Amino acid sequence: MQNMLTLISNVFRLGNASKNVGAQAVSELLIGLSKYVDLTAPPAPATPRQPPLPPGTRMVVSARSFADFTPQASFPIKKCDLHRLEEGPSDEALLTREQGLQYYRTMQTVRRMELKADQLYKQKIIRGFCHLYDGQEACAMGIEAGINPTDHLITAYRAHGYTFTRGVAVREILAELTGRRGGVAKGKGGSMHMYAKNFYGGNGIVGAQVPLGAGVALACQYQGNNQVCVTLYGDGAANQGQIFESFNMAALWKLPCIFICENNKFGMGTSVERSSASTDYYKRGDYIPGLKVDGMDVLCVREAIRFAADYCRAGKGPIVMELETYRYHGHSMSDPGVSYRTREEIQEVRTKNDPISMLKERMLSNNMSSVEELKEIDLEIRKVIEDAAQYAISDPEPSLDELCNHIYARDPPMEVRGTNPWVKLKSVS
Amino acid sequence: ECRLGGSAKRSYSITSCASVFQVNVRDALNQAMDEELERDERVFLLGEEVAQYDGAYKVSRGLWKKYGDKRIIDTPITEMGFAGIAVGAAFAGLRPICEFMTWNFSMQAIDQVINSAAKTYYMSAGFQTVPIVFRGPNGSSAGVAAQHSQCFAAWYGHCPGLKVVSPWNSEDARGLLKAAIRDDNPVVFLENEMMYGVPFELSEEMMHKDFVIPIGKAKVERQGTHITLVSHSRCVGFCLDAAAVLAKEGVECEVVNLRTIRPLDVDTIEASVMKTGNLVTVEGGWPQYGVGAEICARIMEGPAFNYLDAPAVRVTGVDIPMPYAKILEDHSVPQIKDIIFSVKKVLNM
Numbered sequence: 096m097q098n099m100l101t102l103i104s105n106v107f108r109l110g111n112a113s114k115n116v117g118a119q120a121v122s123e124l125l126i127g128l129s130k131y132v133d134l135t136a137p138p139a140p141a142t143p144r145q146p147p148l149p150p151g152t153r154m155v156v157s158a159r160s161f162a163d164f165t166p167q168a169s170f171p172i173k174k175c176d177l178h179r180l181e182e183g184p185s186d187e188a189l190l191t192r193e194q195g196l197q198y199y200r201t202m203q204t205v206r207r208m209e210l211k212a213d214q215l216y217k218q219k220i221i222r223g224f225c226h227l228y229d230g231q232e233a234c235a236m237g238i239e240a241g242i243n244p245t246d247h248l249i250t251a252y253r254a255h256g257y258t259f260t261r262g263v264a265v266r267e268i269l270a271e272l273t274g275r276r277g278g279v280a281k282g283k284g285g286s287m288h289m290y291a292k293n294f295y296g297g298n299g300i301v302g303a304q305v306p307l308g309a310g311v312a313l314a315c316q317y318q319g320n321n322q323v324c325v326t327l328y329g330d331g332a333a334n335q336g337q338i339f340e341s342f343n344m345a346a347l348w349k350l351p352c353i354f355i356c357e358n359n360k361f362g363m364g365t366s367v368e369r370s371s372a373s374t375d376y377y378k379r380g381d382y383i384p385g386l387k388v389d390g391m392d393v394l395c396v397r398e399a400i401r402f403a404a405d406y407c408r409a410g411k412g413p414i415v416m417e418l419e420t421y422r423y424h425g426h427s428m429s430d431p432g433v434s435y436r437t438r439e440e441i442q443e444v445r446t447k448n449d450p451i452s453m454l455k456e457r458m459l460s461n462n463m464s465s466v467e468e469l470k471e472i473d474l475e476i477r478k479v480i481e482d483a484a485q486y487a488i489s490d491p492e493p494s495l496d497e498l499c500n501h502i503y504a505r506d507p508p509m510e511v512r513g514t515n516p517w518v519k520l521k522s523v524s
Numbered sequence: 002e003c004r005l006g007g008s009a010k011r012s013y014s015i016t017s018c019a020s021v022f023q024v025n026v027r028d029a030l031n032q033a034m035d036e037e038l039e040r041d042e043r044v045f046l047l048g049e050e051v052a053q054y055d056g057a058y059k060v061s062r063g064l065w066k067k068y069g070d071k072r073i074i075d076t077p078i079t080e081m082g083f084a085g086i087a088v089g090a091a092f093a094g095l096r097p098i099c100e101f102m103t104w105n106f107s108m109q110a111i112d113q114v115i116n117s118a119a120k121t122y123y124m125s126a127g128f129q130t131v132p133i134v135f136r137g138p139n140g141s142s143a144g145v146a147a148q149h150s151q152c153f154a155a156w157y158g159h160c161p162g163l164k165v166v167s168p169w170n171s172e173d174a175r176g177l178l179k180a181a182i183r184d185d186n187p188v189v190f191l192e193n194e195m196m197y198g199v200p201f202e203l204s205e206e207m208m209h210k211d212f213v214i215p216i217g218k219a220k221v222e223r224q225g226t227h228i229t230l231v232s233h234s235r236c237v238g239f240c241l242d243a244a245a246v247l248a249k250e251g252v253e254c255e256v257v258n259l260r261t262i263r264p265l266d267v268d269t270i271e272a273s274v275m276k277t278g279n280l281v282t283v284e285g286g287w288p289q290y291g292v293g294a295e296i297c298a299r300i301m302e303g304p305a306f307n308y309l310d311a312p313a314v315r316v317t318g319v320d321i322p323m324p325y326a327k328i329l330e331d332h333s334v335p336q337i338k339d340i341i342f343s344v345k346k347v348l349n350m
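As you go down the protein sequences, you meet chains S and B in turn. Throughout, this note's numbering is defined as the position within the first sequence, counted from one, plus 95. Throughout, this note's numbering is defined as the position within the second sequence, counted from one, plus 1.
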């Protein structure tokens with residue numbers, strides 16, 4: 096791994112010096128890397144094969160076409176620590192080019208969306224609570240990659256990433272943050288209360304989402320639909336009593352619930368060492384088997400969640416996962432995030448462990464994409480985010496007629512008391 | 002012709018050969034749940050001792066035997082956890098009935114009732130419904146002391162997004178519980194343990210499996226002309242008893258049974274007050290910020306104020322934690338004599 100990274104960084108340093116990573120440098124890189132990584136691929140019908148080159152031919156990569164890209168590659172991934180499990184997820188992950196591009200696109204979109212939200216918040220266009228997810232993208236993407244759209248997911252308040260991976264458009268997320276009628280909750284929910292099909296928010300009360308998730312899992316079991324519920328919480332929430340109550344019932348009743356602790360090392364300003372007598376969050380389920388997963392590696396997360404989902408679908412009951420991850424921002428926009436950790440620590444994660452960079456390096460070093468192609472994707476994403484931000488800024492606020500709607504479902508219209516006895520407001524379902 | 006209505010149970014008796022049935026409140030609740038479980042397979046019951054024990058107060062007797070583990074679920078003593086699980090199940094398409102052994106224990110789970118259940122339809126702008134019923138005995142019992150005797154009508158009645166229902170008799174219990182289970186909103190269903198064993202007459206119509214009472218509508222239990230008594234739950238019975246005594250002295254009380262705490266049927270109360278000109282509210286809960294306080298405020302703010310011949314007053318539980326000793330407990334809750342006394346004071350008798 097170290098050698099591979101050296102090779103890659105050499106190329107990039109060269110690239111930085113000349114502002115143009117030459118095709119020759121890339122081809123030499125590929126040859127160098129072929130020592131470490133299996134660049135051959137099983138037959139992929141969609142990709143036309145190149146005729147074999149005579150031995151000794153130097154690979155000259157001049158005009159790059161997509162047909163030149165490696166269709167898929169296998170990557171070694173970090174082995175998971177196991178609790179009460181004989182075996183865990185595979186220590187190797189197969190990534191196709193399509194998947195790689197999709198994961199890259201998704202993670203980069205979440206990253207850019209969160210940074211845009213940061214910007215809008217500082218401009219006071221977003222207000223109230225705003226808990227940003229940048230740094231943790233591999234968790235949301237890895238999970239979504241490993242489950243089905245028909246599975247269920249619930250999380251806490253750091254929810255924008257999941258709102259996106261569960262299918263809500265960036266513009267609807269940003270417009271919800273700016274409190275406009277085009278927001279996914281029509282501006283009535285805000286940052287912590289966004290919902291979508293099979294996505295139950297966005298929950299503001301720390302830990303409350305965990306019994307809710309176990310309940311969704313109970314519904315899956317009750318309805319016999321072979322679906323699972325992914326129930327997320329943070330290291331800060333991990334000591335909540337209601338989580339242990341949920342563990343108990345989920346284990347007793349063998350609910351198909353995947354409990355996932357996103358451990359980003361800090362519950363607001365309190366480090367895990369200061370909050371938890373045991374920081375082995377994947378073991379805190381006690382009688383429930385657990386996995387500790389590298390949450391910065393999207394492939395690691397994906398393999399782990401596939402393993403966990405298979406486990407639950409087999410009727411074996413719940414499972415606990417701990418994703419080791421990191422948030423670049425503070426707890427929320429009112430927290431600079433440097434009073435309880437050093438800037439050096441944050442910078443170190445950015446340079447050495449960034450989930451998007453890791454994926455990018457993997458793909459480039461295996462000829463699964465090119466710098467140009469990824470740059471193009473970045474530009475597309477930038478446009479999506481800019482358009483979404485424009486929408487979020489220009490969309491009108493909800494009409495005052497909306498104020499009292501959605502108190503009750505499927506009920507005839509009713510009157511709601513206003514701020515004084517003469518104000519009689521109307522509420523429709 | 003004489004017949005047993007509903008499912009064959011030993012617990013109620015056939016009376017006359019007119020189609021009228023003596024059903025106590027417990028059995029009314031039991032039959033309502035049984036019929037709704039049968040009607041809709043998404044309905045299920047969970048709570049402590051609801052299954053194999055037949056219910057701590059035997060309200061769910063026979064249901065586990067009939068419907069089994071899947072639909073009648075015994076939970077561990079973890080209110081916050083199982084209330085949250087019930088709400089989550091409602092999110093995902095089921096229609097849970099979540100029993101609190103008494104509403105006192107709901108305080109352990111109150112966050113799930115308010116923040117997860119009540120507010121979600123609004124926060125999601127109508128995307129996520131929460132068709133759940135929370136039910137259990139509420140208010141004072143007999144000799145169970147302070148931590149087991151609180152009335153939660155005002156607490157839950159305070160919160161938008163919830164429906165809060167407080168039945169008095171068997172007709173109320175049956176019709177309102179069926180309505181609550183069929184309602185797509187979170188309903189807080191406040192029963193009363195002292196009423197469970199009390200029998201009432203139910204007509205054939207009331208025994209029909211689709212008999213529902215609309216939530217949000219009060220009932221005038223007794224017509225009157227001199228004063229309006231507004232009450233809910235067990236105190237409705239006390240009001241009727243007080244009215245019978247007062248009738249002998251020529252005072253005709255109109256007794257309004259709220260049936261629903263939220264949404265409050267202000268129209269029925271106002272119409273009654275505009276007719277009688279006097280109002281006394283009667284409740285078992287504490288006075289400060291209570292149900293009676295809300296009713297009086299609404300009357301002040303509405304058209305009925307101009308019809309009042311005297312200030313509206315409240316009869317409530319004493320503003321103390323419930324004591325244990327019988328003599329103290331008896332003096333902590335409104336009695337019939339307190340209602341009679343207050344009526345006479347208001348009427349300046």
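Everything labelled a hint here was simulated from the structure, so no lab data went into it. Given the structure is predicted, the values throughout are model-derived calculations rather than measurements. The beta-carbon is built from N, C-alpha and C at its ideal position, and this holds for glycine as well. Any given hint might turn out to be false.
[Stated by the list, open to error] Cut-off 20 Å, straight-line C-alpha distance, at most; resulting in silico cross-link-like pairs (SDA-like, lysine to any residue):
id	chain 1	residue 1	chain 2	residue 2
1	S	Lys519	B	Lys276
2	B	Lys276	B	Glu206
3	B	Lys218	S	Ser524
4	B	Lys71	S	Ala409
5	S	Lys360	S	Asn448
[What the hints assert, rightly or not] Chain B is nowhere near these chain S residues, computed Cβ spacing over 12 Å in every case:
id	residue
6	Ser169
7	Thr191
8	Gly278
9	Lys283
10	His288
11	Cys352
12	Lys360
13	Ser366
14	Val367
15	Ser373
16	Arg436
17	Lys470
18	Gln485
19	Ile488
Taking the hints in turn, this is what the structure says about them:
no., hint, result
1, S/Lys519 x B/Lys276, "violated, 24 Å"
2, B/Lys276 x B/Glu206, "violated, 30 Å"
3, B/Lys218 x S/Ser524, "holds, 19 Å"
4, B/Lys71 x S/Ala409, "holds, 19 Å"
5, S/Lys360 x S/Asn448, "holds, 15 Å"
6, Ser169, "holds, 37 Å"
7, Thr191, "holds, 32 Å"
8, Gly278, "violated, 8 Å"
9, Lys283, "violated, 5 Å"
10, His288, "violated, 4 Å"
11, Cys352, "violated, 10 Å"
12, Lys360, "holds, 26 Å"
13, Ser366, "holds, 26 Å"
14, Val367, "holds, 23 Å"
15, Ser373, "holds, 20 Å"
16, Arg436, "holds, 30 Å"
17, Lys470, "holds, 37 Å"
18, Gln485, "holds, 22 Å"
19, Ile488, "holds, 20 Å"
Checked against the numbered hints above, the structure breaks hints 1, 2, 8, 9, 10 and 11 and satisfies the rest.
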